Amino acid sequence: MDDRSFILANLHLHAVLPRLADLVRLDEEARSIASKMNLSVRFRVLRGPSQVMAIREGTVEASDDPSAPAELGLLFASCDQLNRMFMQKLAVPLPYKRIDKLIQMRQFGRLTEIMTRYLRPSDRDLEDPAFKKKFVEMTLQTGLAGAAQVAKYDRKVEHAVELLPHGSIQFSVLPDGPFAFVEVDPDKKIRSGSGKIDSPSANLDINGVDVAADLLADRLDQFAALGGGDLRATGLLPLIDEFNALLDRVGKFLA
Amino acid sequence: MSLYSFDKSKEMFLRATRVIPTGISGNKNPAFAIPGAFPYFAERGEGCRYWDVDGNEYIDFLCGFGPMVLGFGYQKVDDAYDAQRRLGSAFNHPTPRTVELAEKLVELIPCADWAAFGRNGSDVTTYAIQAAREKTQRRKIIVARGAYHGSHAWCTPGHGGLIEEDKRHILAFTWNDATELEDLVKKHRGDVAGVMLTPHHHPAFGEQILPGPSFWSDVRRICDEHGLVLICDDIRDGFRLHMRGSGEYFGFVPDMMCFCKAIANGYSVSAIVGKEELKAAASKVFFTGTYYTAAADLAAAIATLDELQEVSAIDQMMKMGKLLCEGLVKRGEAHGLQAKVTGPPTIPFLSFANERDFRRSQRFSAECARRGVLFHPHHNWFLMYAHREADIQQALDVADEAFGLVRKEFGS
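Those sequence lines, one after another, are chains D and X. Its first residue numbered 67, the first sequence is counted upward by one per residue in the numbering used here. Its first residue numbered 2, the second sequence is counted upward by one per residue in the numbering used here.
Hint data in this document are derived by calculation from the structure and do not stem from the laboratory. Hints should not be assumed to be uniformly reliable.
As the list claims (entries may be wrong) - Taking CB as the label site, the calculated pair distances span:
1) D/Leu-240 x X/Gln-76: 34 to 40 Å
2) D/Ser-133 x X/Gly-191: 43 to 49 Å
3) X/Glu-334 x D/Asp-251: 33 to 39 Å
4) X/Val-20 x D/Thr-182: 34 to 40 Å
Being a predicted model, the structure only gives us computed values, none of them experimental. Where is the CB? At the ideal position from N, CA and C, for every residue including glycine.
Start from the sequences, fold in the hints, and give me the full structure.
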């Protein structure tokens, strides 16, 4: 497997797939589907990364713990095969363990279809402000979670990771969200989540959902936006700057 | 006093963003300072003061990020520039000004047996590492972690447009840690061409650190023992600490030195000087640029160096710098704040000992800018010869007011 394929597989498993938890919170149809499911499934690449998704009573939990229990297993022969599935190309994994649970993968597939609509929206979908806000939240969370993966595996950001100071960033789409955060440990471990945190080391305020959407779609001149007031960065600016290099790479991989 | 507004700066910035990526590129982009509470565009300067496009007047402690060393509109320098400009500047050939400035630097700087000129700092830092690689036939260059040596691909702090290989042969160690440096050299034995260091450590977004008592002698020894070229990037410190280069101030002799900023009082000249034994290697590097021989700028550099010596400008800047630094600490303390000034008096930087996120610094600098004093929150400051005691006192009074507001917001 090449580096790119391996990193992309980690992004799919650890940044994209866990967004199902956000999806069932944000989307009514997804919540309704999930409420009827009772499934834990491990996505595993042979000699590669894995992720367990557990869907029960309308909630979704992700776990990258290799010992996390899962009823059903889906084994992919390679990162490429897994990536093909995420890119909606033909890729048939090998099921193992509770194969009777395979039936629920149909509903699981429907959930991923809805999620894809948010993560790869059409121009028409984005005309709806409510949809756009959800797109921003899902994409922002994907980026933040993905940053942890590129920090671990992408040699191109080695320099940024070396210079990444420890601390936390509060991301706020003004005036009323979404809000998200990342925390960087002194040993460069990165954790992200949604909502507000106390006393962040740095703040990135984004002036509205439209600006956030442009930012996440890599359509924004960020320095122009900072000078013009559409973005406002305060506090530990090197943390925002170096972290931004990671976010940028996530976008490039998932584009 | 009424506080400054920056409406015209913002309008101009909006215009700029329509036709220039980022609006203002690099370290002069508002994002590096305090967007909305700092001027974006300047209009004119005089002495140690300048005016922005809104007509706001500032006592300048950033000095154009270093080049303004004598002052804005300094007659002798501007006259020298104008005289050469009238004769012509960009010829098919260099003018005698190139040779005269090289002779001047060779006379001034202890390690200088030769000199060459570019336009910006990056021109000469890149040339220096190429010459070191040519001399040693090795690949790696060691720098201090967090140091700034320019905007070329091998040293830029930016992220865009780079490939992994750009920095593959650049290694970093912790400033003042000679043991770490030596370990790094040993780890890459036979592959390290040189060490590039600033005379003192002045990272952006960080306190400045002076060299420890044995640091420079240790660095010199390590370079000598392992056959490395010691390159001093004296671009920020040069001619603000010692007229013979900052090696004289801190007590070391490098193999090559890079200058820019203060060398020409705002005109565009950078210089590299080096020892005789590096001259042949330097001559093998193709080093040129359309304006590297621009004579008017070189004439300004000669006049600047002459004048800095003539008026003992560094002594004056040191005196004013000490007054400023001591005053800031004292006034900060009076407000119960842990204001701390690091770096040499002519290149100071204020931070607050009880924070690492710059929020107090950002508020302090914003309030000072609104009141006509330009202190940068994230980058070291500079003194210039034109600063006089009255300017320092005025700046301290403004700082006092800003400290009061910081205290009110943050407590201590």
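Now the hints, each set against the structure:
no., hint, verdict
1, D/Leu-240 x X/Gln-76: 34 to 40 Å, "violated, 51 Å"
2, D/Ser-133 x X/Gly-191: 43 to 49 Å, "holds, 46 Å"
3, X/Glu-334 x D/Asp-251: 33 to 39 Å, "holds, 34 Å"
4, X/Val-20 x D/Thr-182: 34 to 40 Å, "holds, 38 Å"
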